[in-house]
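Chemist: Line order of the protein sequences matches chains R and H. Using the working numbering, read the first sequence as starting at 1 and increasing by one per residue. Using the working numbering, read the second sequence as starting at 1 and increasing by one per residue.
FYI, nobody ran anything at the bench for these hints, they're computed from the structure. Please read these numbers as outputs of a predicted model, since none were measured by experiment. It is possible that some hints are incorrect.
Which copy? The list can't say, so a pair holds if one copy fits it or any two copies do.
[Claimed, not checked] Below, in silico cross-link-like pairs of lysine-lysine (DSS-like), each with a Cα-Cα straight-line distance of 27 Å or less: (1) Lys268 with Lys225; (2) Lys269 with Lys225; (3) Lys225 with Lys4; (4) Lys264 with Lys190; (5) Lys268 with Lys311.
So you can see what is in the structure, the chains are spelled out below.
2 protein chains.
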Amino acid sequence: MMGKPLAAVVSVGLSKFGRIEGKYGRELFFDAFKEAIDGCPNLETRDIEALYVGQMSEFYEHQGHSGAIAANWTRLLPIPSIRTEGACASSGAAVALGVMSVHSGLCDVVMAGGIEKMTHQPTPFVTEALALASDFPFEQWNGLTFPGLYALMATAHMHEYGTTEEQLALVAVKNHGNAMFNPKAHLPKKITVDDVLSSRIIAWPLKLYDCSLITDGASCVILTKPELAKKYTDTPVYIIGFGQAADTIGLYERASLTSLAATKVASKKAYEMAGVSPKDIDVAEVHDCFTIAEIMAYEDLGFCEKGRGGKLIEDGETNIGGRIPVNTSGGLKAKGHPVGATGAAQICEIYYQLTGQAGKRQVEGAEIGLAHNIGGSGATGVVHILRRGD
Amino acid sequence: MMGKPLAAVVSVGLSKFGRIEGKYGRELFFDAFKEAIDGCPNLETRDIEALYVGQMSEFYEHQGHSGAIAANWTRLLPIPSIRTEGACASSGAAVALGVMSVHSGLCDVVMAGGIEKMTHQPTPFVTEALALASDFPFEQWNGLTFPGLYALMATAHMHEYGTTEEQLALVAVKNHGNAMFNPKAHLPKKITVDDVLSSRIIAWPLKLYDCSLITDGASCVILTKPELAKKYTDTPVYIIGFGQAADTIGLYERASLTSLAATKVASKKAYEMAGVSPKDIDVAEVHDCFTIAEIMAYEDLGFCEKGRGGKLIEDGETNIGGRIPVNTSGGLKAKGHPVGATGAAQICEIYYQLTGQAGKRQVEGAEIGLAHNIGGSGATGVVHILRRGD
């Protein structure tokens with residue numbers, strides 16, 4: 001039986017994703033906030049009682065304390081506002097805290113979102129800042145970067161299951177293609193498998209087109225109690241399950257390199273709470289920081305059997321129009337990956353899909369959606385399951 | 001009427017505070033965790049369902065993702081674990097989230113705490129990292145550091161209310177003295193007003209002894225639902241009220257330099273929720289990052305009238321044995337200020353006081369305590385009010 005809603009999403013907003021010059025992260029957050037507020041005419045900003053803001057790193061803008069800054073820049077002072085950090089799962093976790101806070105009865109309406117401004121920094125600096133999500137003494141110190149960590153997973157997956165470079169490439173082809181129908185996306189582009197395979201190697205088998213983008217962006221989700229949702233919108237989307245899990249920070253401590261335990265534990269909790277199974281999911285946003293990550297997510301979320309992720313993309317089942325469309329937004333791969341903003345941005349896409357606002361990338365008749373957000377190489381995993389309102 | 005408890009503290013732990021060589025922050029957190037667990041024999045570690053970890057900055061250890069790392073190092077995997085960051089109020093906010101999560105009914109037992117490892121870095125590096133809590137474009141960029149920000153508040157307070165350098169110095173004398181009875185404190189020391197006044201000027205009127213310490217440390221608080229508390233301990237302490245508030249990140253945007261709005265808003269909420277008033281508080285830990293901050297806290301928390309904070313310390317009312325003992329632990333000033341760990345460490349001290357475990361610094365008969373944690377120059381404020389169990 002489907003679970004009782006824990007919270008309702010009544011509006012969402014996204015800044016433009018891309019290389020945004022001349023704006024601070026806080027200004028991008030204002031853009032996302034304004035879109036969310038403008039989209040919810042029955043909501044007064046004074047109704048918002050708390051704010052949860054994902055931001056991965058203070059390095060990019062030499063700035064911490066982003067919770068207060070976001071409350072300041074949106075003129076929501078003096079409401080409580082806190083930054084959450086779980087690497088690239090920072091704003092997935094912010095949304096989970098938002099859900100908990102309305103479920104606690106302590107707040108009626110809260111906002112969760114994320115911010116990251118990255119593109120003004122040189123790429124080596126960004127690579128170093130991203131590496132903060134991995135273990136300092138045993139990983140960073142030895143020169144391991146994120147493409148390297150995911151390359152280790154990719155080669156293990158190829159070795160164990162026969163996954164091919166072409167199958168990885170198909171993830172990029174699909175997601176860049178989907179992004180062509182998303183006006184907020186960073187890199188909408190028709191590309192071919194050959195384009196991916198012939199792009200320069202970053203950490204074999206991952207090439208340039210196997211990697212997600214360095215992107216500026218912000219995201220915002222307005223949450224309320226299910227019983228108050230209709231006060232704010234005729235088309236609420238309900239959060240019916242969520243799960244979060246932690247795993248070892250270092251890849252070297254894990255039993256498997258071809259699966260993320262955090263995805264499995266978090267999604268199991270979310271499915272149980274929601275009372276649904278993987279086959280009930282009509283549309284999903286998954287954490288495709290690298291193409292191999294999307295393949296592994298298919299398997300760990302139960303969209304296919306273990307080791308069959310490469311086949312799933314090859315058969316076109318995760319395309320729009322397929323059995324289980326994945327990353328209709330373009331994903332981290334092509335919509336872009338402003339790391340702290342990604343998790344809440346995934347919730348935005350599922351909201352668009354479940355309210356029929358996804359334009360040319362709409363999945364017809366979508367009723368249940370899933371968002372899957374990973375921090376680092378899998379030390380944090382957050383999964384939300386959403387249902388269209390009646 | 002006194003408020004219904006929201007959550008119960010059933011055990012707490014602190015690492016040694018000080019210059020701790022040869023340990024990572026995560027290892028300090030393990031020390032705090034072990035003390036909390038050892039102090040609660042009825043609790044199995046598998047009872048703990050979520051973890052909230054305050055850490056101010058990734059700069060010190062070139063390490064983010066501390067939520068997952070803390071869960072990893074305490075062997076609590078795969079429970080959800082997230083880092084919270086609100087500058088020096090990071091773990092006050094972590095405790096507030098812990099309270100919310102047990103109050104939500106989604107968790108029975110959770111842990112909140114904080115970590116900061118700072119002393120291995122050179123002082124100019126630490127000063128820069130601390131400055132991340134202030135505004136980058138308008139404050140950091142112009143060379144304003146935290147001693148400078150609080151010096152602006154101190155000179156305004158001296159100008160408006162006639163507060164003297166001697167009164168500021170008395171805060172340091174009291175807190176270093178209290179620290180002599182706290183075996184975990186960083187700098188227990190008998191000092192005189194003359195010692196403070198003759199110490200070197202950092203940012204006039206603040207001298208070396210007016211500033212809190214750069215300290216390594218970690219803190220840990222175990223929280224449960226009030227109705228489960230007696231399962232774990234005979235001496236629970238109840239959280240009967242809490243409040244959190246945000247203010248402008250920049251000092252330049254504020255109506256007053258002699259008061260922190262975040263303290264006033266957060267404490268008003270906490271007092272109302274708890275159903276108590278300032279005169280009911282038997283013992284308090286307040287955020288004395290600089291001596292002027294303690295004087296302002298007296299006033300903003302309602303322990304005395306506005307402008308009378310200097311007089312309050314002069315009259316000895318905040319000494320142990322006075323009307324309202326403040327910072328019995330030694331405070332940030334002398335116990336030390338591992339920034340991300342401070343808020344939860346304040347909760348630890350109130351727990352010791354309300355359970356009669358504060359040794360030679362015990363406030364006799366203390367029944368109600370207050371913890372006051374500030375982020376940055378006041379853009380985040382968190383207040384908890386605790387009551388001794390029956």
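Chemist: Should Lys268 paired with Lys311 be assigned to within, between, both, or neither, using CA atoms and 27 Å as the limit?
Modeler: within (23 Å within a copy, 59 Å between copies)
Chemist: My question is about Lys264 and Lys190: at a cut-off of 27 Å on alpha-carbon distance, are they close within one copy, between copies, both, or neither?
Modeler: neither (32 Å within a copy, 56 Å between copies)
Chemist: Tell me, please, which holds for Lys225 and Lys4 at an alpha-carbon limit of 27 Å: within, between, both or neither?
Modeler: both (12 Å within a copy, 22 Å between copies)
Chemist: With identical chains, the pair Lys269 and Lys225 could be close in the same copy or across copies; at 27 Å between alpha carbons, which is it: within, between, both, or neither?
Modeler: For Lys269 and Lys225, both the intra-copy (21 Å) and inter-copy (22 Å) Cα distances are at most 27 Å.
Chemist: Which holds for Lys268 with Lys225 at a C-alpha limit of 27 Å: within a copy, between copies, both or neither?
Modeler: both (24 Å within a copy, 25 Å between copies)
In this structure, the one hint that does not hold is number 4.
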